Amino acid sequence: MTSSRSSLWLRMLWVAPWMVGLALFYAVPLAMSLFFSLTDATMIEPPRFIGLDNYAALARDRVFWRCVANTAIYAAVAIPLAMILSLWLAALLSTRHALAKPVLLLVFAPTVVPLVAASMIWLWIFNSDHGLLNMLFTAAGATGPNWLTTHGWAMSALIIMSLWSVGQSVVIYLAALRDVPRPLIESASLEGLGRFRRFVHVVLPTIAPAILFNAIIQTITAWQVFAAPYIMTGGGPDRSTYFYSHYVYDQAFVFQHMGYAATLGWVQCLLLAVCIGAVYLCWRRLGDLR
Amino acid sequence: MEVTRRSAIGLMGASAAGLVLFGPRADDDVPTDRLVLNYWEKWTGFEGVAMRELVDEFNRTQDRLFVRYLAVNSINHKAMISIAGGAPPDVIGLWSFNLPAYAEAGALLPMDDLAASAGLTPDRWIDSVRPLLRHEGRQWAMMTTCGSLALYLNLDVLESAGVDPAFEPRTIKELDDLNDRVTLRSSRGSIQRMGFVHTEPGWWSWMWGFQFGGRLLNESGDPTATDAGNADAYGWVRSYPDRFGAEKLLSFQSGNGFYGTAQNAFLQGRVASVVQGPWLANLIEVYAPNLRYRVVPVPVAEAVYDPDAPVGLFDGDVVVIPRGAAHPEASFEFIAWLQNRARLERLALAHRKNTPLRQASAGFFERHPNRSIRVHRRLASSPRAFGVPRTRVWPRYEAEFDTSFESLWIGRLSADDMLARVQTAIEQETEFARARRGARADV
Amino acid sequence: MKAAHPTSSRRRRVWPWVNGACLSLVGLVFALPLAWMLVTSFQSETDALSPGLDLPIDRPAAIISQAHQNYRTVLTDESVNFPLLFRNTIIVVSLGVTGTVVSSTIVAYGLARVRLPARRAMLAMTVVAMLIPFPLLMVPQFILYAKLGWIGTFLPLFAPFWFGNAFSIFLMYLFFRSLPAELEEAAQLDGCSAWTCFTRVALPLSKPAIAVIALLHFTFMWNDFLAPLVFLVDRDMFTVALGLHFYQSRAGQTPWTLLMAASVLTMLPVLMIFVLALRTFLVSTSAFRHASPETRSTSPGRASTSHRTAGRGAH
Numbered sequence: 001m002t003s004s005r006s007s008l009w010l011r012m013l014w015v016a017p018w019m020v021g022l023a024l025f026y027a028v029p030l031a032m033s034l035f036f037s038l039t040d041a042t043m044i045e046p047p048r049f050i051g052l053d054n055y056a057a058l059a060r061d062r063v064f065w066r067c068v069a070n071t072a073i074y075a076a077v078a079i080p081l082a083m084i085l086s087l088w089l090a091a092l093l094s095t096r097h098a099l100a101k102p103v104l105l106l107v108f109a110p111t112v113v114p115l116v117a118a119s120m121i122w123l124w125i126f127n128s129d130h131g132l133l134n135m136l137f138t139a140a141g142a143t144g145p146n147w148l149t150t151h152g153w154a155m156s157a158l159i160i161m162s163l164w165s166v167g168q169s170v171v172i173y174l175a176a177l178r179d180v181p182r183p184l185i186e187s188a189s190l191e192g193l194g195r196f197r198r199f200v201h202v203v204l205p206t207i208a209p210a211i212l213f214n215a216i217i218q219t220i221t222a223w224q225v226f227a228a229p230y231i232m233t234g235g236g237p238d239r240s241t242y243f244y245s246h247y248v249y250d251q252a253f254v255f256q257h258m259g260y261a262a263t264l265g266w267v268q269c270l271l272l273a274v275c276i277g278a279v280y281l282c283w284r285r286l287g288d289l290r
Numbered sequence: 001m002e003v004t005r006r007s008a009i010g011l012m013g014a015s016a017a018g019l020v021l022f023g024p025r026a027d028d029d030v031p032t033d034r035l036v037l038n039y040w041e042k043w044t045g046f047e048g049v050a051m052r053e054l055v056d057e058f059n060r061t062q063d064r065l066f067v068r069y070l071a072v073n074s075i076n077h078k079a080m081i082s083i084a085g086g087a088p089p090d091v092i093g094l095w096s097f098n099l100p101a102y103a104e105a106g107a108l109l110p111m112d113d114l115a116a117s118a119g120l121t122p123d124r125w126i127d128s129v130r131p132l133l134r135h136e137g138r139q140w141a142m143m144t145t146c147g148s149l150a151l152y153l154n155l156d157v158l159e160s161a162g163v164d165p166a167f168e169p170r171t172i173k174e175l176d177d178l179n180d181r182v183t184l185r186s187s188r189g190s191i192q193r194m195g196f197v198h199t200e201p202g203w204w205s206w207m208w209g210f211q212f213g214g215r216l217l218n219e220s221g222d223p224t225a226t227d228a229g230n231a232d233a234y235g236w237v238r239s240y241p242d243r244f245g246a247e248k249l250l251s252f253q254s255g256n257g258f259y260g261t262a263q264n265a266f267l268q269g270r271v272a273s274v275v276q277g278p279w280l281a282n283l284i285e286v287y288a289p290n291l292r293y294r295v296v297p298v299p300v301a302e303a304v305y306d307p308d309a310p311v312g313l314f315d316g317d318v319v320v321i322p323r324g325a326a327h328p329e330a331s332f333e334f335i336a337w338l339q340n341r342a343r344l345e346r347l348a349l350a351h352r353k354n355t356p357l358r359q360a361s362a363g364f365f366e367r368h369p370n371r372s373i374r375v376h377r378r379l380a381s382s383p384r385a386f387g388v389p390r391t392r393v394w395p396r397y398e399a400e401f402d403t404s405f406e407s408l409w410i411g412r413l414s415a416d417d418m419l420a421r422v423q424t425a426i427e428q429e430t431e432f433a434r435a436r437r438g439a440r441a442d443v
Numbered sequence: 001m002k003a004a005h006p007t008s009s010r011r012r013r014v015w016p017w018v019n020g021a022c023l024s025l026v027g028l029v030f031a032l033p034l035a036w037m038l039v040t041s042f043q044s045e046t047d048a049l050s051p052g053l054d055l056p057i058d059r060p061a062a063i064i065s066q067a068h069q070n071y072r073t074v075l076t077d078e079s080v081n082f083p084l085l086f087r088n089t090i091i092v093v094s095l096g097v098t099g100t101v102v103s104s105t106i107v108a109y110g111l112a113r114v115r116l117p118a119r120r121a122m123l124a125m126t127v128v129a130m131l132i133p134f135p136l137l138m139v140p141q142f143i144l145y146a147k148l149g150w151i152g153t154f155l156p157l158f159a160p161f162w163f164g165n166a167f168s169i170f171l172m173y174l175f176f177r178s179l180p181a182e183l184e185e186a187a188q189l190d191g192c193s194a195w196t197c198f199t200r201v202a203l204p205l206s207k208p209a210i211a212v213i214a215l216l217h218f219t220f221m222w223n224d225f226l227a228p229l230v231f232l233v234d235r236d237m238f239t240v241a242l243g244l245h246f247y248q249s250r251a252g253q254t255p256w257t258l259l260m261a262a263s264v265l266t267m268l269p270v271l272m273i274f275v276l277a278l279r280t281f282l283v284s285t286s287a288f289r290h291a292s293p294e295t296r297s298t299s300p301g302r303a304s305t306s307h308r309t310a311g312r313g314a315h
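Chains as they are written, first to last, in the working numbering: chain A, 1 to 290; chain B, 1 to 443; chain C, 1 to 315.
These aren't lab readings, by the way, just hints derived from the structure by calculation.
Owing to the predicted nature of the structure, the values given are computational and were not obtained by experimental measurement.
Incorrect hints may have been included.
Said to hold, decoys possible - Computed spacing ranges between beta-carbons, pair by pair: (1) B/Arg-440 x A/Leu-34: 19 to 25 Å; (2) A/Leu-34 x B/Thr-32: 29 to 35 Å; (3) B/Asn-218 x A/Pro-46: 44 to 50 Å; (4) B/Thr-32 x A/Val-274: 40 to 46 Å; (5) C/Ala-121 x A/Asp-53: 28 to 34 Å; (6) B/Leu-291 x A/Val-274: 53 to 59 Å; (7) B/Arg-440 x A/Ala-27: 48 to 54 Å; (8) A/Ile-73 x B/Asp-242: 27 to 33 Å; (9) B/Gly-106 x C/Ala-118: 42 to 48 Å.
Every residue gets a Cβ at the ideal spot worked out from N, C-alpha and C, and that includes glycine.
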């Protein structure tokens, strides 16, 4: 540890901007929304304190439980798939193949496609009448489902779409993979470890920080998924793709229950914190792989 | 390689800097010697252009006020945040169904006195307009443009299906008959063409009860989703997935192009009739100028048919002054200026919509680009024209309807179950809203 | 090791082919939706939404003139004013990314390497800041910015990032923790202060990580829709991501070809920056090898221990 000699105040200067930022742009607004969650505020009326009524109302709110279940299912499927896919892509792209660079560009590009355009593209791909996916099904002699309007399929479609934009995780993995010292790998192959085991036992532990970061990001993204289902399915059919953030948005801005929306937001934070805790515990087990 | 990369970075940086330094500026010709009013409106494109022209004219014709027209995305959402944050604009263009929620929250300035002093008396509107502007005994807005829903028939499709193009489906039964004659299936059983289908475009999932004599609210403002008319209506809706097959209908639906494109199912002749407002004329002009079409009132159940009192949804765009606007009188001066008959008609012609005023100037209907505008006018003036139900919980009501309609349409709910589900949810919501209101009144 | 495993040399000839096949497949899958987007932006409006990708391939001149027309319309249409949207976006994004990079690296280094009280609590708060959904903060932040007089300016979009950004801080923190501490210890023995250690030793080593946070933050800000929607009022200050919605909400008519052309134009700068930055985190030699040849020659056992501790860095 450096700088044990300089005074505490001087050392605190390192993190001072962030502490100010946290207080100003997070803590104060968060405190305000905590207060909102204890009131019956609509957006445009002065709030009235109602104690924990909003929190009690959650238990009876069937739509809330539906959204929690939908989002949990989405997260439970999308996160592991995205983690595995992005790691595999990063491993693949870190090879010195001539195709690696152009393919990396193609993998990254989807993350910068504006959302309106991306939704249009995927609406076409999933179109059951003349969409790309069902044309493939037809070519294979099968009949494709009504992707976006059938129970189960709509969720699958949204998960598939989310996998298209794993590019950012791939980039983070690539940056981390670059720092895996060659001698480590070389000595591992001298010990006779195969490609796969070399990857699991040598590479994975060294890129552990990146794995943690990506896992956290993926968890947050999955729990906050909103825009794509909002545009593509509108939460349907029959609320089967109605996700948590969409419900928060509806409660706040459509149904005008700002207080209740703030409650939902706080509960979302808690759920996320629990999930991230779980992710962290899983990640610590990574050390046992070696 | 390194050199090209460096120069590429330099080039990009330079062009970015160039764009920032010498690029286009906002042509902010806002005069400093006038009172500036910000006017948020939802219209972009040709609708925005028409409103902007009026605003420009207002700015030209006097020298005290200057109105800045700002087209805003998600206007309801932004309006609420700006009112909550204490920084609202001076005039906002909303939809009439927003009014109960805003009015009850005290987020708007009432307009009765201002309107009276400007001589804008309520009898200037057609009868259907007045209730849309009022809530709990006060007027909260002025209407700019309006429209009523009617049934658009594609005559080419009817003819090719062997239906007399002069045939006018007046009742639901006649609409079903027409549907049976027009609907085509492929050899593999998939639907190729339909005479009518509720989900094209499917924007008003809650309106079908009205065509059967049902209603969604009683006089005291309680939901009545399960009344007999609604039960009949949604029983009829459910007969579609039952007869045609839910999967087949969904498949057909996804073959339809998006509404605002040349692939619109009605323009393409995939669906022979759709419920739409007068603005459909704009799409026809742009994408199918030679389309032969006819406009008739939306069919109703046989039991409630009355040729003199057609039933159809009527709604309009309104302008309001938000609470916290800095210069309400100046805001109203602009709103009152807009209310001039010739100006409202100019706007209506440009938007392909109707004028909300009782008196139309000579030639308005003749000059209107929608040649069936008179049918829409007749619907709007009908004693049985209905508006969006006036309740604060309407957004929730509508969302519940949309969701439950979907479940009905895919065959997962019966009509009765669907309506019961809506009824329960909205009863709770209404009760909650009343309790909240009561508690505030006590304080 | 080459001579040690004669069997592996045959395998080694197979692997490039396997990799090539996988890469081609991945490229194809990821490219297809993009290709559709690009093709649509070249089409006439009538062709655009008909099933299949209709391009008059036999008449390239027709394609070029249609593409030219689409892109020119996007760039010259007064009612959208794309160049102005670009200018606004560049101002906001460049200020925001600079702020994020500067403050986040400093803060992250402080958290990773400077002895601070309540360091863990600060880290935990950073993670919490990442997981707060924006809608929860939206209205209170608006009220705050209205009080500060920031509404109607670009400040709400970039100024908060000058105080740090949770994602960037966390990523940089993990990175700094994974740097071998010996380097800075050596520098300290030479009498360097914490600040000099940071600027002379840590920063030069962290170019790839900085490139990553800059790139990710750039993409985030470039495409962010919600914050500009909430905090910007004046159309003339809109960013590209917000302006794209003008195409969608044109009362009935949505010119998909123009929307796609505008989207392609929106993506281009980000992709160009990505290509230019690619080298920094992909091709150039590893940070370790650059700065400290001795780490290379250390025994694998030792290097791996230091990495093990690094991996556990974020307790």
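Outcome of the hint check:
At about 21 Å, the beta-carbon gap between B/Arg-440 and A/Leu-34 stays in the expected band of 19 to 25 Å. Taking 29 to 35 Å as the suggested C-beta distance range, the pair A/Leu-34 and B/Thr-32 does not conform, at roughly 43 Å. Our hint of 44 to 50 Å for B/Asn-218 and A/Pro-46 is violated, since their Cβ atoms are close to 30 Å apart. B/Thr-32 and A/Val-274 have their C-beta atoms about 56 Å apart, which leaves the hinted 40 to 46 Å range violated.
Roughly 32 Å separates the CB atoms of C/Ala-121 and A/Asp-53, a value that falls within the hinted 28 to 34 Å. Between B/Leu-291 and A/Val-274 the Cβ separation comes to about 57 Å, which falls inside the hinted range of 53 to 59 Å. At roughly 29 Å, the beta-carbon separation of B/Arg-440 and A/Ala-27 lies outside the given 48 to 54 Å, and the hint is violated. The supplied range of 27 to 33 Å is met by A/Ile-73 and B/Asp-242, whose beta-carbon atoms lie about 30 Å from each other.
At roughly 45 Å, the beta-carbon separation of B/Gly-106 and C/Ala-118 lies within the given 42 to 48 Å, and the hint holds.
Checked against the numbered hints above, the structure violates hints 2, 3, 4, 7; every other hint is satisfied.
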